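K.L.:
Got two chains here, each in a separate frame; can you build the complex from them with the hints?
Chains as they are written, first to last, in the UniProt record's numbering: chain C, 1 to 474; chain D, 1 to 111.
Honestly, the hints are just simulated from the structure, not real lab data.
Remember, predicted model here, so these are calculated numbers, not experimental data.
It is possible that part of the hints are untrue.
Straight-line Cα separation of at most 20 Å, SDA-like style, residue types lysine to any residue; simulated pairs [said to hold, decoys possible]: (1) C:Lys-84 <-> D:Thr-58; (2) C:Lys-95 <-> D:Ala-15; (3) C:Lys-114 <-> D:Gly-61; (4) C:Lys-84 <-> C:Cys-226; (5) C:Lys-84 <-> D:Arg-62; (6) C:Lys-114 <-> C:Gly-172; (7) C:Lys-84 <-> C:Arg-70; (8) C:Lys-84 <-> D:Leu-96; (9) C:Lys-114 <-> C:Phe-229; (10) C:Lys-84 <-> D:Glu-98; (11) C:Lys-114 <-> D:Arg-62; (12) C:Lys-139 <-> C:Lys-84; (13) C:Lys-84 <-> D:Ala-101; (14) C:Lys-84 <-> D:Asp-104; (15) C:Lys-84 <-> D:Gly-61; (16) C:Lys-114 <-> C:Asp-92; (17) C:Lys-139 <-> D:Gly-61; (18) C:Lys-139 <-> D:Thr-58; (19) C:Lys-84 <-> D:Leu-57; (20) C:Lys-114 <-> C:Ala-57; (21) C:Lys-84 <-> C:Phe-229; (22) C:Lys-95 <-> C:Thr-59.
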Amino acid sequence: MSGDGSYAAVMARRDAIVRASVGIDYDRYRTGVLAFDYERLLADTGYDMESARAVQAATGVGGTPLLELRRLTALVRAVAAPGKGARLFLKDEAKNPSGSFKDRRASLSVYEAKRRGYPGVAAATSGNYGAAVASQAAKLGLPCVVVQEAFDSRGIAQPEIAEKTRACEAYGAEVIRLSVGPELFYVFLRVLEETGFFNASLYAPCSVRGIETLGYELALQALDLCGRFPDVVIVTHAGGGNVTGTARGLREAGAVGTEIVAASVDLAGLHMASDRDFNRKSFTTGHTGFSMPFTTWPDRADVPRSAARPLRYMDRFVTVTQGEVFYATQLLAELEGLERGPAGNTSLAAALAIARELERERVVVVQETEYTGAGKHPIAQLNLALSLGIEVRRGDPRDNRPGERIVIPEHPAQLAARAVDLDRVRRSYLRHALESLPEHAPLEAADYAFLVEETRSSRAYVEEVLHGLQGTRR
Amino acid sequence: MTGTVAAGSWVEIGAVVLAPDARAPQVPDDTRTVPLELRAKGFLAAPARVGERVEILTAAGRRLAGTLVAANPAYRHGFGAPIPALAGVGREARALLERDAEADGSGEGEP
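So here's chain D without its partners, still in its complex pose (with noise of 0.2 Å):
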């Protein structure tokens, strides 16, 4: 992410809303040790590099302005590797309904 990132392309900005000794009088200790921070993406208005001082045009229409933190923005978030606590609920339930069915004759959940 070293080039000039052109005017019009979707990017993200971030800015600090409140620094640590800004913040509201309620927040807890460790929250107070940190700024409120802000992110928001949008079109970029001019070229600059990221970590320049930028303006965006956002998808409601408004002009924000912040450090440009990234040109086309990713959404990383996803599910990840399968959790083997989860893995045997659903053959367990299953041996007990078919258990069940065995014990008594009857059929699944018909009242």
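The following block holds chain C by itself, in its conformation from the complex (with noise of 0.2 Å):
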């Protein structure tokens, strides 16, 4: 262990410790207080679509199907005013190596870990991405260490955390499991600081580089199966290099009116840091608990500047209950014999609703799906649930209350997509950078195009609110 081993002491460290782990130097890409040069630190991954498919192509990553799911748009249609109910399609990401499409994100990091001579491959991630990481690396022939927050002071695991350390260590890959607590980046800068591994980071520009392909494939196979771009693409919503990615990957398409719609599961409520509250979630990732400060402000990522910018994407947010999105798990199964999930999930209960209220020659896609099982399920999540004395049952999916109550829908016309506000979103954005600024430095006319850029606004809007939150800062 190099130098003192204190949490203060490894976090003053931090900047040092990650540009040696991630090979970017980050602050070539300043270009004002807060501004910085988002396509050119993208560009400089040196990946365009084409050479992104390759290196996919290389390990089996990518060329998913995308799946019309007939029954599931009776269904909606069964439920819809006449007219009504969109064509539901689903691109089946559990058919990646690993079983998600984070393979896509992994894919383009771990070569270039190897291409650059790293001796290995570290990622701080409880979820798919570990996986699809430790993945990787066997295929390339690289040692990995997953760090992940898996139980909790009384040492019970989330069981979905629990079948992703089997399957990294299935990979080959050496899982730190951790209790709850933020201190996992402190972890996790120690792995990086010890074995000088390559950071795969999900926050790196490479990441959302190897997501796109899956909105570019996705656009080209609607275009392919209904003469047309989607109308719609649902993304789950957690961290933003999903919804980042895949807006991106459309637009190369071609497919630049498709409404890109992030869903999040609604854990309102619980505290994301809370050792009680860790197993109380039902969920691991997709939740509001990540998408809400990762929209508001992206760069609290463990790189410094997020190639994840999800508010320039988004054209709608929006949330739905647990008890929905454990119904939508059990509809997909049952109705189109897909048992899959829970990731993507989310965005099929918001799907369901959301085709409801379109014309039926509109095409909806739910952008993703991943492997199901041990662990990896609704039932193990009720039971767990259940255990600790959470109730489940039938009902209104309104009265689902995150931690105390998970309520399963009684019927499909019950589904709703809830809109967040984007309003407050962007001004929370803004409060966050206004909060980020070294005290008394001026914006600059760079800054402003930034913040215009990162709010999909105008400068006279970003104006307006930075000029109500100064009266009120501090």
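P.N.:
What follows is the structure, encoded as structure tokens:
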């Protein structure tokens, strides 16, 4: 272990550790006090759509089928107004080597780690991304360390994460399992410092570049199957990479009119760093505990500037309840013969509600699935919930209370995609921007232009909101 | 688990990474009352009993130290009993589809 291993000392070295581990000098991209050249950061990965797809194809990543969900479409139409009920499609990302779209993110990162001569790769993630990095590392012959937040202080493991531990270990990775807390990042920094491994960050530019192929593929597949680009693509939203990469890929394919809907499970009231709440979430990702903070300030990531900037790309942001997602998961299995999830089924639940309001000729795409199995299943999550005293029952999904009561809908017409007010999200983003400014640092012209792009608004909007906030600052 | 675990066995170790009073300033109150704990697996470096301080060689080739927790640790996650609240979902949806098909005489899901 090099240097002082205390929490404060390691965190003080974080910039140097991160810079060495991702091989990117983020200062090079700075164009103002806050602003940076986002497009150049992505372009400097050296990958375009063609070369990214080639690297992915070499390890069997991508090229997944776009499946029409005919029975779910019929179900939606059965509860829709006459003439309503859009065609539903699903991008079956479970067909990737480690069983999720995260292989797309991992493939370019691990390939780069190998190409640049790093002795191994490391990733901080409790989710599918760890298995994806471990799988890609196995294929390329690199050692791999995955750091997970895995269990509470009573030693009770979150079942979905326990399965991901097993998967990572199956691919030959070392898994560091931790109890609950944000100090996971501290442990991860120590691993990076000690090993000199590449940080396969979810938020590095290669990771987002890797997802662009998903949006690109599904746009062309929809065109082929339906003669039109998707009208709506619904993306399960957590850290922002899925929304960002998918939307960018759609644009690159020419699907500029496609509406991008970000969907998250509503976990309002549960604290993400709480030991008590950890196992009461019943979801490990795709929820508001990640999507709200990462939409309102993406640079809280494990790299200085996140390449996942979802507020730039989402046209709508909606939430669904825990019970609605479990209901949608069950419908997908029993009506379409597809046992998938949990990832992707958040956007599926939203899709069932959104498709009901659209005309029949419209095309709605749910852009991912993942493999399912022990731990990664509604039954496992609901049994854990019951053991913790959480009520599980049928009823009106509006009665769902995260951590207290999970309500499985009684009828498909009860499903709803509840709108998040994007104006509030934009204001929150700008408040975080203001708070991140050094004291008395004036914003430059480049910063205003950057904030306009970040919030998809106007200079007048940014100035008005910042002016209002400055009056209340400190 | 009273016997000696042989060197080279696949084992799990545990360690306290941060004691409660050394935790990050931003952790919520309930998390602050407990330590940050670590679990890791690897091949045992030297014979030892459960509860003893040991070293392991991990899958990534690192040497880690901690307390021996278990030899050949099991994966215990699974599914559990079926959930009654989910049991009727598919049957109800199929009934809705059948009723709808009868009502308008149309095929399922054709655009």
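K.L.:
Next step is simple, just say for each hint if it's right about the structure.
P.N.:
Cross-check of the supplied hints:
1. C:Lys-84 <-> D:Thr-58: violated, 56 Å
2. C:Lys-95 <-> D:Ala-15: Between C:Lys-95 and D:Ala-15 the Cα gap is close to 37 Å, so the pair fails against 20 Å, i.e. violated.
3. C:Lys-114 <-> D:Gly-61: Status holds; Cα separation ~17 Å.
4. C:Lys-84 <-> C:Cys-226: Satisfied, since the Cα-Cα distance of roughly 17 Å is no more than 20 Å.
5. C:Lys-84 <-> D:Arg-62: violated, 59 Å
6. C:Lys-114 <-> C:Gly-172: holds, 17 Å
7. C:Lys-84 <-> C:Arg-70: This hinted pair holds, its Cα atoms lying about 15 Å apart.
8. C:Lys-84 <-> D:Leu-96: holds, 16 Å
9. C:Lys-114 <-> C:Phe-229: violated, 36 Å
10. C:Lys-84 <-> D:Glu-98: Roughly 18 Å separates the two Cα atoms, so the pair holds.
11. C:Lys-114 <-> D:Arg-62: OK: C:Lys-114 and D:Arg-62 at ~19 Å, within 20 Å.
12. C:Lys-139 <-> C:Lys-84: violated, 47 Å
13. C:Lys-84 <-> D:Ala-101: Given pair C:Lys-84, D:Ala-101 holds - Cα atoms ~16 Å apart, limit 20 Å.
14. C:Lys-84 <-> D:Asp-104: Between C:Lys-84 and D:Asp-104 the Cα gap is close to 14 Å, so the pair holds against 20 Å.
15. C:Lys-84 <-> D:Gly-61: violated, 58 Å
16. C:Lys-114 <-> C:Asp-92: At roughly 28 Å apart (the allowed maximum being 20 Å), C:Asp-92 and C:Lys-114 break the hint.
17. C:Lys-139 <-> D:Gly-61: Roughly 17 Å between the alpha carbons, so the hint for C:Lys-139 and D:Gly-61 holds.
18. C:Lys-139 <-> D:Thr-58: At roughly 19 Å apart (the allowed maximum being 20 Å), D:Thr-58 and C:Lys-139 satisfy the hint.
19. C:Lys-84 <-> D:Leu-57: Outside the cut-off at roughly 60 Å; violated.
20. C:Lys-114 <-> C:Ala-57: Holds, at roughly 17 Å.
21. C:Lys-84 <-> C:Phe-229: With Cα atoms ~19 Å apart, C:Lys-84 and C:Phe-229 stay inside 20 Å; holds.
22. C:Lys-95 <-> C:Thr-59: holds, 13 Å
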